[in-house]
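J.: Turn these sequences into a full structure, and let the hints guide you.
The primary structure of each chain is shown beneath.
There are 2 protein chains.
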Amino acid sequence: MKHMHYTEVEEQIPAEEGVRDVTVRWAISEKDGAKNFAMRVFTFQPGGHTPHHKHDWEHEIFVLEGNGILRSEEKREPLRPGDFMFIKPGEMHQMRNESDRVFRVICLIPYKK
Amino acid sequence: MKHMHYTEVEEQIPAEEGVRDVTVRWAISEKDGAKNFAMRVFTFQPGGHTPHHKHDWEHEIFVLEGNGILRSEEKREPLRPGDFMFIKPGEMHQMRNESDRVFRVICLIPYKK
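Chains as they are written, first to last, in the working numbering: chain G, 543 to 655; chain S, 543 to 655.
Just so you know, the hints here were simulated from the structure itself, not pulled from any lab data.
You may find that some hints are simply not true.
For the chain S half of the interface with chain G, some residues (derived, Cβ under 8 angstroms), not all of them [what the hints assert, rightly or not]: (1) Met543; (2) Val564; (3) Val566; (4) Gly589; (5) Asp598.
The calculated lysine to aspartate or glutamate pairs, modelled on EDC-like cross-linking and capped at a C-alpha distance of 20 angstroms, are [claimed, not checked]: (6) G:Lys573 / S:Glu633; (7) G:Lys577 / S:Asp598; (8) G:Lys577 / S:Glu633; (9) S:Lys630 / G:Glu572; (10) S:Lys544 / G:Asp574; (11) S:Lys630 / G:Asp574; (12) G:Lys544 / S:Glu616; (13) G:Lys544 / S:Asp574; (14) G:Lys630 / S:Glu616; (15) S:Lys617 / S:Glu633; (16) G:Lys544 / S:Glu633; (17) S:Lys596 / S:Asp574; (18) G:Lys544 / S:Asp598; (19) G:Lys596 / S:Asp574; (20) S:Lys573 / G:Glu559; (21) S:Lys577 / G:Asp598.
All values derive from a computational prediction rather than experimental measurement.
Every residue gets a Cβ at the ideal spot worked out from N, C-alpha and C, and that includes glycine.
T.: See below:
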């Protein structure tokens, strides 16, 4: 059993192109023996965003703190704490922090079989 | 893409034996096309708890609100917002709300392959 507070997890800069002012903490991953899916905590500073992109795996996201924007193929939706999203494989998406406070989410991804 | 606030999801009473004063909301499940894992939101009223049990799948849990207790095989640990847990297949576990306020977590489980 692993039990920690997310702030105890090392904060990393995602290597992916198109990410700005965002950090990631890999809370639960293959290193812990998680074989099916991983839990990451993303922190967006004001002005921070992920790329507007798509990929062949899904996201399951839950908003913890602050206010953000979900940009999809055609629209922009406000995000607030308690919101959750299921982004299917192949769907265009981006998260943006256009506020003046931190925006924080959990984002889970599958490990490929 | 599915985007909702968790309070918009129907609150259900878990059918499992040994659950007391706990509700579950299936935020993301197979019904949404999630093939690999499901996201549920559990709300524990004061005095509420899940069974002290084990099973052959893992949990990935994140504490959203309130204070709880994680009971494992041999010990009890306090839980607070921002805590996360990886409970491996076969590990004994229980979550309890011994406080006088609501305790709320996200708990994700895999779909079997």
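J.: If a hint holds in the structure, say so; if it doesn't, say that too.
T.: Going down the list of hints, with the structure as the test:
1. Met543: 5 angstroms, holds
2. Val564: Not OK, violated: valine 564 of chain S not within 8 angstroms of chain G, min 18 angstroms.
3. Val566: 14 angstroms, violated
4. Gly589: 22 angstroms, violated
5. Asp598: This hint is violated: aspartate 598 of chain S lies away from chain G, its Cβ roughly 12 angstroms from the closest one there, beyond 8 angstroms.
6. G:Lys573 / S:Glu633: 18 angstroms, holds
7. G:Lys577 / S:Asp598: The hint holds at about 13 angstroms.
8. G:Lys577 / S:Glu633: Holds, because 15 angstroms separates the two Cα atoms, which is no more than 20 angstroms.
9. S:Lys630 / G:Glu572: 12 angstroms, holds
10. S:Lys544 / G:Asp574: 29 angstroms, violated
11. S:Lys630 / G:Asp574: 9 angstroms, holds
12. G:Lys544 / S:Glu616: 14 angstroms, holds
13. G:Lys544 / S:Asp574: 29 angstroms, violated
14. G:Lys630 / S:Glu616: Answer violated: lysine 630 of chain G to glutamate 616 of chain S is near 40 angstroms, above 20 angstroms.
15. S:Lys617 / S:Glu633: 12 angstroms, holds
16. G:Lys544 / S:Glu633: Judged against 20 angstroms, a Cα distance of about 11 angstroms means the pair holds.
17. S:Lys596 / S:Asp574: 27 angstroms, violated
18. G:Lys544 / S:Asp598: 17 angstroms, holds
19. G:Lys596 / S:Asp574: Roughly 18 angstroms separates the two Cα atoms, so the pair holds.
20. S:Lys573 / G:Glu559: 33 angstroms, violated
21. S:Lys577 / G:Asp598: 13 angstroms, holds
Taken one by one, the earlier hints fail for this structure at numbers 2, 3, 4, 5, 10, 13, 14, 17 and 20, listed in ascending order.
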